[in-house]
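S.K.: So the protein lines, in turn, are chains A and B. Start counting the first sequence at 35; every next residue gets the next number (this note's numbering). Start counting the second sequence at 695; every next residue gets the next number (this note's numbering).
Hints listed in this document are in silico derivations from the structure and should not be mistaken for laboratory results. Do not take every clue at face value.
[Stated by the list, open to error] Residues of chain B placed beyond 10 Å of chain A at every Cβ, according to the derived structure:
id, residue
1, Asp-708
2, Met-750
3, Ser-757
4, Asp-784
5, Ser-790
6, Gly-801
7, Leu-803
8, Arg-808
9, Lys-811
10, Gln-842
11, Arg-849
12, Gly-917
[What the hints assert, rightly or not] Below, in silico cross-link-like pairs of lysine-lysine (DSS-like), each with a Cα-Cα straight-line distance of 25 Å or less:
id, chain 1, residue 1, chain 2, residue 2
13, B, Lys-747, A, Lys-314
14, B, Lys-811, A, Lys-199
15, B, Lys-919, A, Lys-212
Just so you know, even glycine gets a beta-carbon here, dropped at the ideal spot from N, CA and C.
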Amino acid sequence: MEDFIYFFTFQDPSIVWVVLGITLLGIGSAYVGTFSFLDKKALLGDAISHAVLPGICLGFMLAGEKNPVYIVTGAFVSGGVATFLSSWLKRNTKLSEDTIIATILSVFFGFGIVLLTSLQKSGNPEIAGLNSFIFGNAIGISESDLMLYGGLSLVIIIVLTLMLKEFRLMVFDPEYGKAIGFPMKAISFLFNVLMILAVVIGIQAIGVVLMAALLITPGAAARFWTDQLNPLLILAAVFSVLSGILGTYVSFVLPQMPTGPWVVVFLSMFALISFLISPKSGIISRYFSRKKYLRKTHRDHLMKALYKAKEGGKNGLPIEEIYELYPYQKAETNKSIKYLYRSKYIVKNQAIICLTEKGISDAMRIVRLHRLWELYLNESMNIAPDHVHDSAEQLEHLITPELEALLEKRLNYPTLDPHQETIPRENHDLR
Amino acid sequence: MITQVENPILEIHDLTVSYDQNPVLWNVDLSLPGGKLVGILGPNGAGKSTLIKAIMGLIAPTSGYVKVFDKPLNEVRSRISYVPQRESVDWNFPASVLDVVMMGTYGKLGLFRRPGKKEKDIALKSLEQVGMSGFVKRQISELSGGQQQRVFIARALAQEADLYLMDEPFAGVDMSTETAIFQLLQEMTAAGKTVIVVHHDIHSAMNFFDWLIMLNLHLVASGPKELVMNEELLRKTYGGKLNLLTRVTDMIRQKDFNPLKS
């Protein structure tokens, strides 16, 4: 708890620096990553982030120490080579994109590990810090390093904000962009540069192995909540920054813990929560709306049965007979009866259940839609009368008043369905 | 049966186009007058979309050239508007109807400048022209096929161009929308614009177009509707591919390089 207060009250200036750096990094990578997620290039981000490792090692070898400028440049160059190679291979061979990306990822990463291992054997005392590039260590970053990473993040954020319109076009309809004379090749080249930069800024805090998660997951999680680009970018940045800060906090409290994996843990939590509870496309809300729909169809069918009884000259149905209509669904049937009773669609008359005025009008609408649809299938789509019932059983719950009006007009206000049953309308006399 | 015109608005000179090394259009040579509603007809795989894309410079031709308003394409791009096929984009992209139509103003805005009030007004006006005013804020993923098509046409209108190239704007569109769009296109040509439409339905083509281009890997006909709409030309267009041409195409494809490229 003390640690928690100490960290989040930002008394320690070095913590302020780290949090500031992580915030910029989070915004930058979420921003670029959301675009590449929308462009369906998520795997490319993964390949680039693995591919920067040999560059980091070569940068270290050239400088002979952990010089951030050498390392960032090395990482950038090696990420660039990987990106160029993947698009060159795609253009000039018949290999599929996933093959190319998988190959580039493993070849570059393998080469990087070879370099890293040989560096470790070399006995250079500076080497200890190099391991943190694999899984990241946000707490260990010095202030001057942070300036470099933060500065690069700012560059990414500014360029993307200035060119929002161009990148939107690149993702949604690049061909159209070309048609109106925009230099789409240059724009996507610039985007690739930003993507490599976004990987590079994260190598020390998050590490090369998991940087792809920080690129892609925020956008993917935010996509569950919104259908608009600007809120999507902002929400992705919020997820990313929060996860970044929480991950850093864990490395602060438990110094042996690498930052990257913890950031990914928090990010995955945001993604999982979004996947479960987002109101529009979360699986829980989808489950409930489906359940609600099934309940309503059950009630509709029950009212239809009561209406048909009335058509047959009976006032209503005894409850046992209703149970028999839906075998093994007694609990569900009871629920429906209770609901209809409370909403005053039905009344109980001794042991007999019958429709109220309100109930009759509603049941009549369902029966009418059912029979109109049957007639439509039969007349306009040439489907035999004995094949139309099942489809109507589903569509009667879905047809809107506008569609109903269209159907009526199209069929010229018919009186009988294909089974010679009356299509009931308001004021229809049930005898 | 190819009618050439004086002072053409669009001139296609001996254009051959290949995908990789698969020739899909052979030596198309035609010229079009301005202010007409032009239909491009032909069976599946006849090269209709390819012709439009080659005119727009989206595919580099193997040989030949295109001139629009008597100038090379890049000098007059702002006067040409392009409607790609509806399926060519991902409609799940997070954008509203207005966002997409605003893209029509990007060309005049150029790079880096953001669209403002003026651009928004143009976009709203274009939406009104296609009868989509009620859908300004709607997410594009929630639109029906016909509505998506109308959004694309509105985007093209927002470009305020003189020549419009539309790739299958009637695919997946219901009858009443089709008629409404055709009326809009006729109003545009009456106002002096030229509209070129890739189309597959011969029946409605007879009713609406002024000028027809018939394609089947090569140019079968180009001319006023009254002159080219006859049984012989239709049979040449739709009566299957030329056997010999298909065999030559196969032969070229099996080479390691494209021998047609100079």
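S.K.: Now, for every hint given, state plainly whether the structure supports it.
M.R.: To see whether the hints hold, each was checked on the structure:
The beta carbon of Asp-708 (chain B) sits about 23 Å from the closest Cβ of chain A, which is more than 10 Å, so the claim that it is off the interface holds. For Met-750 (chain B), the condition that its CB be more than 10 Å from all CB atoms of chain A is violated, with the nearest at approximately 5 Å. With a minimum CB-CB distance of about 21 Å to chain A, Ser-757 (chain B) clears the 10 Å threshold, and the non-interface call stands. Residue-level check failed: Asp-784 (chain B) sits 7 Å from the nearest beta carbon of chain A, not beyond 10 Å.
Look at Ser-790 (chain B): its CB is around 7 Å from the nearest CB on chain A, not clear of 10 Å, so calling it non-interface is violated. The Cβ of Gly-801 (chain B) does not lie farther than 10 Å from every Cβ of chain A; its closest approach is about 4 Å, which violates its non-interface assignment. With a least CB separation of 8 Å from chain A, Leu-803 (chain B) falls inside the 10 Å interface cut-off, contrary to its annotation. Residue placement check: Arg-808 (chain B) does not keep its beta carbon more than 10 Å from all beta carbons of chain A (closest about 6 Å).
Interface exclusion of Lys-811 (chain B) from chain A stands, the closest Cβ pair being 16 Å apart, more than 10 Å. For Gln-842 (chain B), the shortest C-beta to C-beta distance to chain A comes to about 12 Å, beyond the 10 Å cut-off, and the non-interface label holds. Against chain A, the non-interface label of Arg-849 (chain B) is violated: not every CB pair exceeds 10 Å, the least being about 8 Å. No beta-carbon of chain A comes within 10 Å of the beta-carbon of Gly-917 (chain B); the shortest separation is about 27 Å.
Using a Cα cut-off of 25 Å, the hinted pair Lys-747 (chain B) and Lys-314 (chain A) is violated, with the two alpha carbons roughly 38 Å apart. Only pairs whose Cα atoms come within 25 Å are accepted, and Lys-811 (chain B) paired with Lys-199 (chain A) is accepted, the gap being roughly 15 Å. Between Lys-919 (chain B) and Lys-212 (chain A) the CA atoms are separated by roughly 32 Å; this puts the pair beyond 25 Å, and the hint is violated.
When each numbered hint is compared with the structure, violations occur for hints 2, 4, 5, 6, 7, 8, 11, 13, 15.
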